[in-house]
Every structure is written in C-alpha cells, then in structure tokens.
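K.L.:
So the protein lines, in turn, are chains W and A. The opening position of the first sequence corresponds to residue 0 in numbering that gives the first Met the number 0, with each subsequent residue numbered one higher. The opening position of the second sequence corresponds to residue 0 in numbering that gives the first Met the number 0, with each subsequent residue numbered one higher.
Don't read these hints as lab results, they were simulated from the structure. The structure presented is a predicted model; accordingly, all values stated were derived computationally and were not measured. Do not take every clue at face value.
[Stated by the list, open to error] One-sided excerpt, in silico: chain W residues whose CB lies under 8 Å from chain A:
{"no.": "1", "residue": "PHE67"}
{"no.": "2", "residue": "GLU164"}
{"no.": "3", "residue": "LEU343"}
Virtual Cβ for every residue (Gly too), placed ideally from N, Cα, C.
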Amino acid sequence: MEKTLNSKTKTALSAICIAAFLLIVFALDNTISAGSSWKMLITVIEKGSIFALVAASMNLLNGFTGLFSLGQAGFMLIGAYTYAIFTIPAASHDKVYQYFDGGLIQWSIVEILEDKLGVFGHYLGMFIPMIGAGLIVALIAFLIGIPVLRLKSDYLAIATLGFAEILRAFFQWNTLGPITNGSNVLRKYTTYGNAVFPVIIAGISIAIILLLINSTYGRAFRAIRDDEIAAEAMGVNLFKHKEMSFVISSFFAGVSGALLAMFQTTINATPFNTVMTYEILLIVVIGGIGSITGSIIGAFLFTAASEWWLRGLDAGRWLGISSSLMRPGFRKVVFAVLIMMIVLFYAQGIMGSKEFSWDRFFAWIKSRPEALKTLPARRKAKSAAKKEARASKAAAKAKAKAAKDEGEAKKASGEKLFTPLPVSDEIMIFGKEGK
Amino acid sequence: MGFIHTWLPYILAGIAVGGQYALIAIGYTMVYGILRLINFAHGDVFMWSGLIMVYLITILPLWASVILVILFAIVLGTTIEKVAYRPLRSAPRMSIMISAIGVSYLLQNFALYITGGLTKTYPTIAWLQKTVQIGSATTKMVTVITPILTIVLVFLLVMLIKHTKIGMAMRAVSRDFETSSLMGIDINRVITVTFVIGCGLAAIGSVLYFSNYTGIQPMSGAMPGLKAFVAAVFGGIGSVPGAVVGAFIIGVCENIIKGTGWTTFSDAFTFVLLIVILMVKPTGLFGEKNIDKV
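Looking at chain A on its own, in the form it has when it is part of the complex:
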C-alpha cells in the first residue's frame, strides 16, 4: 500500500496531463492521417486558444468565453488550412511542411506582439480548482474531469468516424487521397471538417491544460504540441484511439519521472520514447503497415 500511497498523486496528475495531451494529439493524428502533414502550427493554435481565453474572461462570463474560445480555435485552424495548406496541396511534401513551420513562426511572433513578451496570468476557474479526495491523494477537480471528458469526447469522435457519412469519407480519404477524390468525395470539405474537429478539441484541451499552470506565454504551445505529436506517433499515426492511449502513457511516464526527481529529463524522455518507437515499431501501437512501392 505504501507504494500506491507515494505514487498515486503522480499517477493521477499523469492521467490528467495525458488526457490533455490526448485532446491535442487527436488533431495531429487526424491531420497526418489525411494530409500526411505534421501540422507544426497545431501547438500554436492550442496556445492561442489559451491566450484568447485570458482576454475573453475579462469581459464575458465563463461559459460564453469557453464557447467562444472553441469557436475561435476552429476559425483559426480552418483559416490556416485554407490560406497556407490548400494552395500547396499538389506541391512536394517538404514545401507544405515548411509552410506549416512558417505559420507556427507567424503565430508565435504575433502572440509575442500581442502579449508584449510578458507571461499572461491564466484565469482560475473556481470549479476546476476545487479540491477532491481520491483514496489517499488530494487533487484538484480538473484532474478528475480531464480523463472523463477526454474519454467521452473520444468515444463520440470514434462514433462519428465509424457511423456517419463524413466519417466514412474521412476514412476513405486517409486510405487513398486520389482515389477517394475520383469517387466523388469532396476532399476540401473532409479536410475542413478534420481541422474543425482537431482544433475544437485542442481548444477544450487548452482550457484544461492551462488551468494547471498560472501563466501562459507565446512559447507555451510548443512543448505540449511536440509531446502530443509524439503521442500520436506512439499510438500509430492516423489512429484516434492510438493517439489517446499514447498520450495517457506519455503523461503518466512523464509525471513518474518528475516524481523520481529527474524533472530536467521529463521532456527528454518523450523524445527518447519517440526514437525508440520509431526504431522498434515505426507503425506505432495501432498503426497500419505502410509499404513504399517504387
């Protein structure tokens, strides 16, 4: 029992962080599944939704600002897709990736301009900060809410992908881009829906994630973004449940490492994991095998 007593807080925190990573990772995994693009700007959309929350909460009630933040992230994400990725659809993969990096650079610099380089205080949402007793550990409400909310949202998303027409179109496009466009699927609509879902979930993730931190600054999105991408790769890129499982594993491992006193290397661990995964099982936990033909 002593073991659980010491480690329970870390594991709980890990599950919560993992849920937040999962919400970001879905955006990465879906976009990669369909466009074969690492959307480097996704972490910055996440950061921007946090930033917008800081400004909105000063004039609006909580529920309204949360809804507006989600809407904002969706508009931002689809605009990025329309302006920066769509014109390059037939260009080589390297140029679209460079475009994504350019967008990320732009979003970070714009955030730097808006905030003046200062760390903004994230609003405390009283309900999420309530203390809760689980077994021997005391945590905040957000720790309990995050995994539940994540699992519910992921369940809804999987239902959407499996049982609706647009979900079927998504699966088809991710399997074969060109053939599905020949079959009369409106590719642009599918991609827009993908970005809407990804960015909306990232916005929800940002509300939960930044509740754990006091401040937010232009670079806040980069690290969680990279980690969420690693989670997506870990679970098998293109697979939604895979990304979620990967994110939970990364979240828990990271917090256990923090618990053992190696905080400096908790970030490094994620990348070591990425490299090990790519070496041992490049398709990830749930990924499908992909053979390159000449």
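Extracted from the complex, chain W is given alone in its bound form:
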C-alpha cells in the first residue's frame, strides 16, 4: 500500500494551488493589454469558470442523481435576467427601456447599497441580486419539479426542455416589457471588474456542490441513480431527494446565469435555447458523467477550444494550414465532429466517474518514470496482442466459411444436416424421488 498524505497536507496543498491560481488570474487580467492575442486567455478563464459551474450543476442532476434534465439553459436565462433587472443604474433606465417608458423598476440594488456602504456596498449590491437570482430560479424549479420529477428518464428530458422553451417565450413576451424589456436586449447593468470575480464565485459554488455530493444527501442521490426501486426500499424518499437535487442544481444554474450576464454585458433571451443546453450537456459528457472535476476540466477545454484554439478555422488559417474550406462556421463543424468522436469512442469522458485527489495525482507522477521505461515493451505487447486478435479473427472466419461450405456441399448432395432429437410421448419435468 502506498503511503498516503495526511489530510492537513492535502488541504494546505489545495489552498496553495487555489491561491496561486487566483493570484495568476488577477495578475494576468491586470497585465494583458486589450489588444493582445492573449486576451483570449482571460475570456477563456471567465467563460470557462461560468460554464464549469453550470456543468457541475447539471452533473449533480444528470450524473449523480440520474435525472436526465435538459432545462439548464432556461434556468440560466431566469438567473441572468433577474440579476440584470435589479442592477441597471437608475440613470440608464430610460435608455435601456426606451420602448417601455423607462421600465417598471426604477432603482438598482448596487447603487442603493453603494450610497450607504461605499465599495463594500457595491460588491454586496452585486452579491445580493446574484444570490437572489439563484433563489428565484430555485423557487421556479421547485414548482416545475412537482409535476415534472414524477416522469421517467426521456420524458423528463423532453418536459424540462419544453419548460426551458416556455420560459424563453415568457421572457420575450411584450406584455412583460416594462420588466424584461420584451425581445430587446438588457444592458448597462453592473458587471465585475476583474476576472477573479467569476472564478471565486464559481469556485465557492462548486465547492458547495462537492460538499453536498459527499454528504448523506449525496449518497442518497447516488442510490437513486443506481437503482430507484432499491433506494426506495432502503428508505430513501425518492421525491424529496429528487426535488432537492433539482432545486439545488437550478439554484447554481441561476447563479451561473447571473455570472454569464455579467460576462456578456448585454443579454437577450434568444441564445438561451436548446443548443446552449446541448453544449452544457456535452461539456458534462466530455468531462465524464459523474465527475465534478471532469466537468471543470471539460468546461475549460470546451471554451478554450471553441473560443480560442479553433478560432483560426473560421479565419481561413489554422496551424499554418490555409484552405478555402475554412470560412466562418467551420470551427463549429470541426468541433461538433470532435465531440461526436468523444461520445462514440471515449464515452466515459476524461475523468470517467473519478474525482481529482492528491494521492492519485502523486501516485501518477511517481509512476511516470517507471511507465516511461516500460513504454516500448508495453507498446510491443499491445501490437502483438492486436496482431494475435486479428489472426484469430481471420482463423475463425475461415473456419466458419469452411463449415458453411461443407454444409452447402452436404445439402447439395442430399445428406441430412441434423439428426432430429427423439420425441417421447410423455414429458417428465421432475421425476418423483425414489422412483
């Protein structure tokens, strides 16, 4: 047995890594100038952490509770709107709500608190509507959950997808214009100044999700995922736990929606459609269904690939290759093909259902020199095994063909292929004992 690190060291290591990461993000955001091509890195960190949060929340539902829900984009939409509506500065209302006489709500929480508490009030004013967004989404999810969570797997998927579409229609409804600005964009609301902000908020939220998963409730969720009927027999209240998972997941989807609103600086209901939900689901799949670490890695890879690494494919030049095929939209096609490959050939995703742990990390590092040394041997063994498999397959095929030919020949010569089993009049299933 390998010697494991004690938990204090592990906590310290994690804390150091997190602090270092935050510091790096903070420093990068302050040093990289707006025109630099590395600015993309900041975008990836911001958007990646937002999507990591929503992917983790979806994973809680799909991967840990086994509820195949596709309503995440709808919940993000409510979160984004709730945040934006309450933080538009009073002076900008007339401009934003130009078609609705300045709108119904004429104040901003951020401004009210900033007047009273200064800088601290500014952040509190951002924090309160963000949590409020989560709570409103949670409330709506609670109400939606009562009918919907009684449905089984794929019906649940369609019903949640349907609810997300209804919400989208609702937010674009002209009658609600004084609040939601109808189908026009909401803008000019308060946003964060530094990329550290979404990273911190997403980090705390994901930590809470992880704590939940490792609690008694989390174990109940996993029991429901593995076998609903068995879980019920063991005394897990199915509906209560499903509803709880749904509400909590939606809460964090709402928070990530608020963060997304801040990231984009303008929001509109149109992009929160099924495609967005699909993208979140695909992030979860890439990372591994049932692994929060996987969702985080998946989210960063997904955003990095779609926003940064594959950008050249749209511009006509990528990795030094240029082709007339590469015009706007090509990036997404390549990306979708890559995702299909992962879904078909690498179904367990990057992390499978494992989580990151320092023990495994160090064990992996330690095993590297050994693995490197044995690499040629293993490669040889692998190719030999492949060759053997191919040979045995060919042999089996030849054998089957020979047998078939033999049979055909016999059939042609009129020989009987089967000897029928003797048929007796009486059928004895269990003979009586002693007879």
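Based on the hints, put chain A in the right spot on chain W.
P.N.:
Showing chain A alone in chain W's frame:
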C-alpha cells in the same frame, strides 16, 4: 355561422400544419417504439431536407428535386443510425440519447457552416401556392393537399405494418427487442427500414411545411421536431395512428391560440399539453400500458 366564418381559416391552417407535424411525428414514434430512443436528430434531418431542396431546385426540375430530397433524407437518416446509434446498441440508454443530441448539434452546426448563418429563401412551388376557396375561407393549395396526402401515406404505412412480413417484424421488435432477435429477426434490417420510412416521410413533410414559410435556417427544424415529438407522446408513443391524431390536435390548437392573439404562447402550449398528458395519462391516447418490473 359567424363562428365558423371567423375560425375556419385558423382551423384549416391548423389541419395543414397538423398534417405536416404528423409526417415528422411518425419518424419519432416508430424509432421510439423500436429503439426506445428520442431521436433528437430527426428535426434536423427534416431541416436538412428543406435546405437540400433550396440548393437542388436551382439546377433540377421540381419533380426530380423532390425525389432527390426524399432520397437524401433517407440516406442521411440511415447513415446517422449506422454511425451514431448502432455502435451504442448495448450501451445504457443515456449514452445513446447523448449521441443523438451530439448528432443534432453536428447537423445544426454543419447547416450553419453551409448557409453561412443566413436565412435561405425556400423555393415557391407554384402549384402548392394556388389559392383555393373552401366555404368562406380562401387558402392555398398546400393546405388542402397536406391532410389528404398525410392520410393516404399513413394508411399505406399502417397497411405495411399490419400486412407485410417486415411490418410484422417491426411489431415484434417493438414488443420485445431481445426475444425477436432470438426468433431470427434481423434487427438491424428492421431498424434501417424504420429509419427509411421515418426520414422519407419527414422529407415529404419538409416540402409541405417549408412551402408555408419564406425562409429556412439551421434552427428551423428544432421547434417542429419538438412539437412532433410531443404529438407522438400525446397519441401514445409507438403508435402510428396515435401520432397522427396527436399531431392534428396540436396543429389545430396551436393555430386557434394564434387566432386569439396569444402568438407568444402558441409554442408554450405544446409543452404545457405534453406535461399535462404525461401527468394524467402517460401512455397517451392510444398507447399500451407498460409496467416496469424489478
């Protein structure tokens, strides 16, 4: 009479749209009946057949392009089945559904690439656009043709399912997948035929559906696809006549809602209906009861 006078146009439009939904819904209901899979890519096959029509009509006469569009949809559908669903046949149901979502994502993005994100103008088929007088309402030929064509096609399909060998195999496979494969039914062939029928009908549906609209864009298939699925659930998933009845009801209700001025919520209505149905009668109108055993 005043009532009919005001509402007849909406009801007629509803029946026409319902017929178009029915043609899509058959694909959903048959695939679900056999594979227990919501084929999320079906709506995109529908959209792609519309898109291909836009390109074909520029070089070919109408009849040839319609035939080619149907062939294209069939090839696309069976290819999807072969590449994305067949390898996952023994995998858990969630992975095959994710694969379907992945295919849908791919088809939409590919359409986005081909069209450059622009809305393409769907060709006007003069014969379908002719005006026809029914009672007090004036409509287009397509409104009259759609329900008739739908009913004829559905009748042929039901005959096929009831009276041919392949139809019998389909019924057997939908009843019990494993047992029927043990009985010597070539499952893969049955599934391919299912996809051929579903996609062919969706292609016919796309010609009729997009004739009513001026434009087509990569997301055009998503909404009708979802609605057709709801129609299939409403009628009892796995049942062809059920899907058709469900589609007509949804089409008519949707257009009546549009007529009352609640256009924003005409889409939402479909999903409210879905949830109500699943709550009250999860097996749908014509569905069979399915009991989960431990």
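K.L.:
Against chain A, is PHE67 (chain W) within 8 Å by beta-carbon distance?
P.N.:
holds (6 Å)
K.L.:
With 8 Å as the cut and Cβ atoms as the points, is LEU343 (chain W) at the interface with chain A?
P.N.:
holds (6 Å)
K.L.:
Regarding the hint that GLU164 (chain W) lies at the interface with chain A, is the smallest CB-CB distance below 8 Å?
P.N.:
Holds, about 6 Å.
Consistency note: the structure conflicts with none of the earlier hints.
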